[in-house]
Each structure stands twice: as C-alpha cells, then as structure tokens.
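Visitor: For chain A, the structure is supplied; the task is to place chain B on it using the hints.
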Amino acid sequence: MASHGIRDKVAIIGMGCTNFGEHWNKSTDDLLIDSSSAALASAGIALDDIDAFWLGTMGSGLSGLTLSRPLKIQHKPVTHVENYCATGSEAFRNACYAVASGAYDIVMAIGVEKLKDSGYSGLVVSAPASDGTQATVTAPASFSLLAPAYANKYGVDEAELKDVLTRIAWKNHRNGALNSRAQFKKEVSKETIAASPLIAGQLGIFDCSGVSDGSAAAIIVRVEDAHKYTDRPIYVKALSFVAGPAAGPIDPSYDYTTFDEVVHSANDAYKQAGITDPRAELAMAEVHDCFTPTELVLMEDLGFAERGTAWKEVLAGTYDLDGELPVNPDGGLKSFGHPIGASGLRMLFECWTQLRGEAGARQIPGVGQKDSVKTKALTHNLGGAPGACVSFVSVVGSELD
Amino acid sequence: MTGIISYGAYIPYWRLQRSTLASALGSGGAKGARAVASFDEDTTSMGVEASRIALRGVSEKYSPQSLWFATAEPGYLDKTNANAIHAALSLDISVNAFDCLGSVRSGIAAVHAAACGTSIAVLSDIRTGLPGGSDESMGGDGAASFCFGSENVIAELLSTGTSTSEFVDRWRTPGDQASKQWEERFGEYAYAPLVEVAFNEALQKANLTAADVSHSIFSGLHARAVKAAPKSCGINLDTLRDDFAATLGNSGTAHWGVMLANVLDTAQPNEVIAIVVLADGVNVILLRTTDALSAHQKQQDPSLTVQAQIAAGRNDLSYAQFLTWRGFLHREPPRRPEPDRPAGPPSLRTAAWKYGLYGSRDESGFIYLPPARVSLQSGSIDKMEMVRMADIRATIATYTVDHLAFSMSPPVVAAVIDFDGGGRFQCELTDVDPATVKIGDRVEMSFRKLYTQDGIHNYFWKAKPVRAGVK
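These protein sequences, in sequence, are chains A and B. The numbers in my numbering rise by one with no breaks, and the one at position 73 of the first sequence is 73. The numbers in my numbering rise by one with no breaks, and the one at position 131 of the second sequence is 131.
Chain A extracted, bound-state conformation (with noise of 0.2 Å):
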C-alpha cells in the first residue's frame, strides 16, 4: 500500500478554539463563528482570504451550507465530512490535501457540535432504517468492555486496574484545571473519581468523556508561504486514516484489549513522519480518552508503552504533564468535552499552543521554546467503538525536517 504523506508541504497558520461546555446561550452558526473569527485572527487574515473549506460535523448540520449560510461565505467550496468521533480530524486532513494538491492557497478546516440541545444524556446518533436486530448498547457500555478483556489478558485484578482508570481521569481533570476553555475546570479528587456512580460496567460518571458544545477551526497553507503569516507557523508531517473491517464483532480471535485501526494508522504515521521511537521523540500527545480504558489501550497502541504494560506506566506518572510523555496535557476529551466535530481539531489546537509556547499555566517544561529538543506532537482521534472503528493519527512540528 502506498501511503506517501504530506510531511513539511503544508502549514497550520492561525488556529482557533471556542470555550467546550454547556453553551445554552450559543447555537451552532455562534460557535462555527467564534471559531472561525479567532481562527482567523490569529492568522491575521480575513474571511476572503479563504479558498475553500472543510467542515466538520456529525449531526450539528448537512452540507457545506451549515457553514456557508452563517459565515456569509460568497460563492466559495464548503465541504461538509463526517467520520464518526473523528470527524474534526477528518476535516484537517482533507483540507491539508487540498492545499497539497496545489488547488487551493488557503484553506479553513472548521469542527462543530452542539450536542447539548439534544436532552438526552450521553451522545444521540441516528441511524438509518434498519431491520431492528443491531446491538442497542450506548458508546460507554461498547468502551467498558475493554476493561475486563484487559484485566483479565495481563492478570490485573479488579481493583487494581479501577485505580489505573481512576488516575488517567485525575490526570487529564489535574490538566483540564489548568485551561480556560476546557469544560471541566477543576481537579477531582481519586476518591470521587473511584466512588461515582456506575456508568456501564466498570466505568463510572467519571470515566466518561464530558457531553459538550464547541468548535475549532485551523487554516492551513503551503510551507513556502507560512511565514507571510507568522513566525512560527506548525508545520504537518503526518496525516493517516484508517477504517478496518469492523470485523472485531463477529471475530472470536479479537480479544478488545486494542483498536487494530489505530496501529495500522499509528504505523503509517510515523512513517511518513520518520518516526522511529515515539514516546522519546514526541514532546506531547492528545489521545481520543473518550472512556478512560480507551486512553490505557491507546498508550499501547500508540507505541507509548510495550504490551501489558500501559497500567503500570499509567500510576508512574509517565503521561502526566510533568512525565517522561505527556498526554492530554489540556485535560483530553475527559475534562476539555468531547464535542465530536470539534474534538480532533481540538486535539490540533493543544499542539500548536504547546509547540509556540504559548500554553500558559499548562506549558509542557522544555516544549516550545527556541531551543526545544522535542518539536513534534501527536494527535489521535478515532470514532466508533473497539473492534469497529475509525482512527486517525496526525504529526505535527514546529521546525522544518
């Protein structure tokens, strides 16, 4: 399979990210331009500076209308992508090749959702007609299953493994305290993490990511021209997407304790970025910790951790934001709010703060500063459920290969 990548051809220039949360004061067409209008800004252009679009949404709008009507876009390509929970990435990576291709100058990939209107609790997506025998469980029900398959594989006792839970919770709700726009901004102590009341199977309230409303949007232009807009532009070195079989299933060999689909765009990734060693050459990454057991599979998955042993890296404290690899140091979907759109370019926004240095009270010790070793971040976003999923995997850096 060629998967050739678009390593130091294109460039994020200006990003921008809404407040996640319950915004009952704010609709879809208030976020996509919010997040827009900063996007914007930050590059210091403006909307007629853009070619062409790509939106991203699950269920918050069809068409590139969605964006087109409350932007007041004139007559320009707005492309509307949906993939799941990794719709946001989805968007970014289509918006990237477009550029590559040479179609296009500069492009604007835009994620929203607005889940909180629905009224329902944990996220709603309607499926088409069908004959009524698919599996009714909800996302953390799906997710909760790989806990016990993984505790059971590397003979993790119960409790044990309920602790490891409990800590990638305390961890990203210990980073989400320290952003401004993340959904929950406060740290949660182990003990109420350990003690809320039960979800789906082993995972609690606290497991779960936070149901929210957002938007972010990038926009993205050749390398040759990032630095008409800024002198430290983010440049792409990978973008890989991945859809399997979903055959995880009907598949008695599949034993829920990892998404293939991530190491196969895992794999792609960090080879069109020359990635060798990720968890000594990455200075962060923004998993998709839609359920707390997602982010424990992720660290082996990723290449973060060596099989069997992410549960022991995760109560070291390897991935916490003062660890050996950061991950989700601006508290992932579980405390910045999995709004599904917005949420891969979300991930994106964390890395270019991070890689400018601009991350404030969060900054990663040693990450964003001229004379930074680590210059490349990781984000992961997958959508579906284990054994039959999507999954992205993108690179970024601040210094040219």
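It cannot be assumed that every hint is accurate.
Simulated crosslink set (DMTMM-like; lysine to aspartate or glutamate; CA at most 20 Å straight-line) [claimed, not checked]:
1) LYS180(B) x ASP135(B)
2) LYS153(A) x ASP418(B)
3) LYS180(B) x GLU156(B)
4) LYS72(A) x ASP51(A)
5) LYS438(B) x ASP255(A)
6) LYS116(A) x GLU338(B)
7) LYS153(A) x GLU338(B)
The set of hints was computed from the structure by calculation and includes no laboratory data. Here the structure is a predicted model, which is why all the values come from computation and not from measurement.
Guide: Positioned in the frame of chain A, the structure of chain B alone reads:
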C-alpha cells in the same frame, strides 16, 4: 394412526410470589407463585420457544403442512402472528401459518386443525388482571406446542367431544387490559351440563368408560366449574394431574397444553389421557400413549421437562417489576431516545437472520453474524453458505452492564458471545442476574421481543444462561 409425535412446553423464567401482592396491596396474597413472562416476551415469542422444544423431538424429515397459533393475547391484529413463529422456526415458505385468536377456546381450534394432518399447534398466553384481583394472582404465563403426524406417534388421538353454549361468563373488550367475569355461581351452573355432554360423546366415540382414563386434565378459567367437573364426569379423582395452581398459575389458552406436556413427560405407554377444557362450552380430547413415548422421553433434554422448567424458575420478581412489565406501572425512562421502529423492507431482506438467526459461512469456515457477502480473509464475494445458529450454544467472551441504554427493564446486560464451532455475536443477555455474569459462562439463544415501537414488535434473539444441571 394420527396423533402427537412431539411436544414442548415453555415456562417463562420469572415467578411472582403471591405473598408479594399482600405486602404491596394490604390484601389478597394467596399461597404459591405465578409464572411471569419477562418484559421482552409475548405470546408469539413464547410460542417460538415452546415450538423449538417440540421440534427437537421430530425427525429431520418432518414436513408440516401448517402451523396453527392460538392465543387470547395476540401481539397483532390484522397481521398474522403465526408468521413470526414460522420465520423463527425457519419453516419452509410452503408451510401455512394461521392464527386462532382472542378466546381461550382458540387453543382447541388450533389443535383440532393441526390434528387433521401433519401440522403444528402452538398455544400461548399471557394472563393478567387488574391489581389486587384474582386473575392477576391466579393467572400465569406459558406456552405449549404440539407436532401432529402419523409416523412415530407418541399419543394417538382417540376421539373428541364437544358442547357449545352462548352465555356471559367471562369477557374482555379488545384493548382492555383485564377481563371481567359474571357472578361465579352462574358460570358453574352454565358449565355443568356442557361437561357431561362433551365427555360422554368422547367416551362413546372411543368405546371407553371413565374408568379407562389414566390421566385426566381439567382446564378452564372458571375455577369453580373446573373443580366440579371431574365428579360429574365420573372420573377417578386419583387420575387428576397437576394444574400448577400453586407453582405457575392458570395460563388460559395454553394451560391444558402445559398440563398435557407435563403428563407426557412421565406417562407410561398405552395409557388413556382425558383432556377436558371449559371455555364457552366444553371440549374433550382423548389420547392414548404409545410405545414410542418411552423412546421419546429418553431422548428428551431433562432440563426441558415442565417440572425442570418449574424448578429452574427465579422466585424473587418484585410486584413493582411485574406491574411495570405488564404495563400497569409507568416508570421514569432513562433520559435516552426511544429506539427506532424496525423498518419493513430491511426486516424482509434479512428475515433469515432476524427471525431464523442464520449466519453465513465462507470457504474457510469463518461464520458471519449477521450474514455477510464478502469473505474477511479472501475477499471472495457470495461464496457463502447459510448456517442456522439458533440452536447452537455459546460462551461469553466479554460482557458489560449498561445502565444508560434504553430498556423497559434496565440495566441492559450486553455480551460478546462465541458460538461452539465458530461465529461471534454481540447481543443482549436475558433472564440473567447482572451480578453473577462471568466471562466463560455458557449461554443459549432465546427468541424475544426487543421492544415495540409504533406498534411494531421488534422480534430478535437474545442469549440466556444455560441453567445448571443441563446436559
């Protein structure tokens, strides 16, 4: 010689102790328990389960002409309920499926019709009444299925007798949740002569006397009339067989079928069984067991006898849960959208899967649930054979308890199960205690009603634990 060649009774898992009625309502509370169909069962799904048991006892060559389904509590009007049973049993397209609906006497009609040839009669009922009434406490839920034919007959049909009379004893207007009954003593008066007429007719046609009867089954919703009937027939009271008043309650249309299945579980060859059903008249059926019954009993799974199913029941259903399941108590639902109605066209396209639980198997032996057209390994298209999974047992690979998902009876217990011989499937568990589920537990498939939306019943399969002591 025609008669019954195989049979099955289905007793739902749940029991409501009648004492719970007294503690909830402050009155009533007879002794014993009643059987309760789960929230995901209806008369159609229970009919499927009883028929699956019955069909285990027939040869592969058994080719029924018709399936006759009788119930007083149908899932649908206008639409034939028997068709879902036909589909779940994967009967051939050429086999008829008919309903006999509405009255308790319909069960007799189904058996009369089926006994005329090589056909299946399915009797099923869910009985309830207004809270605090005797129908609620003394009713029961269950189903029975009988395969008729002329080869390997285990109980020969000797004769029938009948009497019919129009009188107002028990009635229910369509749509009502409970039936009404006239003063009890009137019904007793009206039934008495009808019993004698029908019973004597049957005896005469068979050249038998009451003394020839080894097992007698008296059934009907009028308890006093049923109790008085054996004496007026001149039946030896020692031949009266368990009416399950203490353990299951009266399952109406299906009741005499369940009683007959229980008798057939242990009867000896060459015994006469008398069935007397009091329902808007009286119907009598006389059967004689054959030598083939012994062999049939020997090959039967001991966990599927009526007594074994009674013993396997779960005794701690709360009255509030019972009322909720039967629609008398509207509880706060989870803050989640209700499921979509199952759509007609996809349900037709996937009927073999949805109703028959067929998967597809590729050249390598990999089994796809639901059936797939493309092989995972080779990518070959349409090189598949269909394989029925409904009667294959499975093992739980992993599971979760979902407190958030929409259900009439939360939490939803969802499991990934691996079938013996291949095939993985993610489905709901039913008739299960969430606290005791473990990886490695053994399960078997059960036909259920997942939910009803826009009046459409979403029938599909769930897995339930294989009960202890099962071979």
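Visitor: Looking back at the hints listed earlier, which ones does the structure fail to meet?
Guide: Per hint list: 3, 7 violated.
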